[in-house]
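Chains V and D are the protein sequences, given in the same order. The numbering used here puts the first sequence at residues 1 to 584. The numbering used here puts the second sequence at residues 1 to 511.
Worth flagging that the hints you see were computed from the coordinates, not collected in a lab. Backbone N, C-alpha and C define an ideal beta-carbon position, used for all residues, glycine too. Errors might be hidden in some of the hints.
To be verified - Here are the simulated distance ranges between beta carbons:
| hint | chain 1 | residue 1 | chain 2 | residue 2 | range |
| --- | --- | --- | --- | --- | --- |
| 1 | D | V493 | V | R345 | 53 to 59 angstroms |
| 2 | V | L253 | D | Y509 | 50 to 56 angstroms |
| 3 | V | V196 | D | I284 | 18 to 24 angstroms |
| 4 | D | G195 | V | L55 | 49 to 55 angstroms |
To be verified - Reference listing, derived: stretches of chain V covered by chain D, where coverage requires no fewer than 3 residues with Cβ under 8 angstroms from a Cβ of chain D:
| hint | stretch |
| --- | --- |
| 5 | 124-132 |
| 6 | 465-474 |
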Amino acid sequence: MIRVIATLPLIPLAAALLAALPASPGRLRGLLMAAAALPALAVALFASAVEPAQLEWALLDTHVGLDTIGRVWLFFTSFLWCVAGLYAARYMEGRPGGRRFAVFYLMTMAGNLGLVIAQDVASFYLGFALMTFAGYGLVVHDATPEARRAGRVYLVMAVLGETMLLAGFILAAVGAPSLAMHDVVAAVATSPRAGVIVALLLAGFGIKAGALPLHMWLPLAHPVAPTPASAVLSGAMIKAGLLGWIRFLPLGLVAMEGWSIAIIALGIAAAFFGVMVGVTQRDPKTTLAYSSISQMGFLNVGLGIALGAPEAWPVAAAAILAYVVHHGIAKGALFLGVGVAAEARTVGERRFALGGLALAALSIAGAPLTSGSIAKGALKGVAPLAPGGWPAFLDVLLPVAALGSTLLMARFLFLVAVKDRAMGGRSRFMGLALPWTVLLAAVAGMMWLLPHWYDLELHAPDFTSPGRLWIMIWPIAGGTLVALLVAGIARRRPFGRGATVAPGDILIPVERAAAWAVGRLRAYPLPESLTPVQGLASLWYGTYAGADRRDSLAGAEAFVTRWAVAATMALVVIVLTMLALIAG
Amino acid sequence: MFHGPSLLLSILATSMVTGVILFFLKEEQARLRTALNLFGAATKVVLVALLVWGTAHGESYQLRMQFMPGLEIVLHADFLALLFGSLSAVLWLVTTIYAVGYLEGSPHRSRFFGFFSLCVAATMGIALAGNLLTFFVFYEMLTVVTYPLVVHRGTGRALAAGRTYLLYTIFGGTLVLVGTVWLSLVAGSQDFATGGFVSELAATRPGTLRAIFAVLIAGLGVKAALVPLHGWLPEAMVAPAPVSALLHAVAVVKAGAFGIIRVVYDVFGVTTAEALGVLLPLAIVAAVSIVYGSLRAAMQDDLKKRLAYSTISQLSYITLGVAIIGPLSTTGGMVHLMHQGIMKITLFFCAGLYAETLGIHRVSEMTGVGRRMPLTTAAFTIAAFGMMGVPPVAGFVSKWYLGLGGVAAGHDWVVAVLVTSSLLNALYFLPVVKVAWFDAPSDAWAGSDAAASPYGTTGAGGRRRRLEAAPLLLGPAMVTAWLSLAAGVLAGVWFGPLGLARMAVALIYPP
């Protein structure tokens, strides 16, 4: 079994090689994208948990295995990659760069599957890095100016994240008897450098997870990618950052009060911030990206609670699992739905698309009987276990945040609905709607089966008591009401451009500051000693003209290479020789 | 089949004799020359494999010759020698194939390949040297026989670079000689031995030993391109690509780094060196070189120059690993000796491929080249990611061990240096990879006939293109790229670089 599991990420990798061949036809590439994750899906559904086993010949001390967390993660990850792959097969037909897309799609998939089955530091890092760097190819695929900018920000953040992780992993692994995850986590718990390690891991994985304030690349990168790539970016890959935290933070082992407070606070902040900036967006996909930031905030609250109260971890783990599956699938359905709606050519198709999107949106908002309500209910079950005065606080904040989710989803649906569309003509609606429907079915039915399938003990919401039901409904009703109200006002007095926040929010001042600094550096000749900085700055801005790249160190080096210096050196040699002879 | 001394001698002789014969070949005898070259290179790989096999099975190989009364030439095959020797033998084979393809039709090939062979003979001598004197002899021989390779093109720039090269290396060689003589005066001429042979002197004459250490390291640091002794290396990149590969990956810089390893472990011994307090300064010099080399690399537009500065940085990883005490760090340094070789040779092969196929010399001309030369660019990408320390490429394994070793020895700053270096590596390698794969093809070469993509379109004369570049150039790059990948993916196998390094370290730090 362990060999089967170890092969799972190799299948998409082999498929990527196959897709890269000059002779591979488009149809084959489509098939590969759709089918490469199927074996992983089958394993996730039908294999039982597998104890980690060592493959001593591979990388450094490689361990692979499949625990409950791994099984559930593998399930929704491979499911999303499958469905999005099927969707991509049709989506990329007739679009340029199909081969390149397929290669990067499959490589990213391999990384994502690999990190789920990894049970040691090095192979987890391998999967994470492969996913991150291959993901760049998905982000910049459309080669528009926006895609290029998003790609640049993505890459810078990715490299920062990777290096922070490397440093964190090295510091963590030093005290561990092996690189297997359980050893490393235990070492983190007792390490004298625990503070630094946790900080590095939080930030390093936080970039991928879109945690505040490292989220700035996300609202740029997730929407500009081709639609199927957006779905996996926001549905599956964003969760890899969370999985990193789950795997390497000493959850359930020690209480880290300080970090716990920080994570919960940042989580709540993200839940609100995502909504507030998200509702001002004009592109539906950007709205969804902000919704992901907001939803990841909810998840972080659960994680933060468990970091502060180790005994809460089993409950929190089950809730987090339910929530990631729910959000992964619902967010995937929303992103794919944007593409489906764009291809709708008849009234019927349009109704179908909007109806499906409404279902997924309701699920995100947590409407009763949807997967969202079960996931949110499970997460609410964790709140009372929070340390200190958090429970009372969370009791108030979480429903308000849920109201925000509703508002954001309403804004999203509005943006999709008002988009002008060409009616009539040939479209690929059917090819896209088919995989999408599979995802919608999962949104509707998944949560009823999942806990039983994987034996998750969830704090189940009670749909029969009117009081409980009201608690679930009022944020949605309230959110809808506010949305309608705002829409009514906007109809009379449209909000101007001033009412929007540019995607990337705090990235804008960061970029401006960078541009300003570079401008200053270029405008004023600096003392020679500072020019390396200038060189680096111009590198960031991507010009390789070289003409204006000042290279002061070259001057110093030319000096060193001159004969005069050689004479001095020779003198040194002679003196040393004499010294040696005298001393000897 | 072989008894000890004759195997060692034949390893030296294969390239020495080949080299001498090659000088006497006429320029037109290309086939014979190629056959001889390949025969020599392949034989050496086989012989070194025999040596490894024999040593692994308990044989010991040694050769002693009286040179002058009291001065002996000693060759022996310990683990370190095997490490460096097998690296050189394997990489020489691929470089020879590459060089045959690269120099096809150009003048002075007999001279070139003659010195090329002698250069590898010298490298083998350095690997197998059993005492400082022998080491010095081959070290100087390497200087002399690489000079004609550096100036091979005979242009003004090449001659200037050659002058700089000679200046630096002779200066370095002199320092090594001074150190060797001085040491033999105070401690007698002794063989390399794990743990060194100066431990008794450390108590009585620590000052002298410190000075000798400094002189030796300064001399070796020239070839190992430690900052500020690195000036010759970026200049020397005017040499033909196979020579750059040889300088940067197989022979010259490695000879310096290997010498540092020998001095620290087998002349002074880690315990003595630590007691003398000379290792921390060395580690700091290495750390400075790592960061400085990366910074300078980031500022170069010329591809080979960028790679040259990157060598300064990457090579100092080895020195850093040697200078930090502890098995993990030593493993990192030794394994990087091999990893840096296979990754950097890949990068230089690719630089040569770009230059030969499309006339690309600058990073700014590389835009979109991935579409035209996907295999080359894939090889370049693998090696570049390896340099950044991204798994599963070999460089990750080196960085991992170096980082662990630094922290284990209580030098947490090592992690900061490595991470800084990784960031800088990303800064100067990722933009290259990015423009090559994702940008529109550059005007610099897109108009030319050679620019036809292997994908779909047909090349000149309506014939479908088979390969993106000359197979003799592309093949070696593919091989070393795969090796870089395999060294990381299969790091756990005992006969891989990491496995060998671990065995060598087990001897230095007995468990």
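Handout entry: List of violated hint numbers, smallest to largest
Key = 2, 4 and 6
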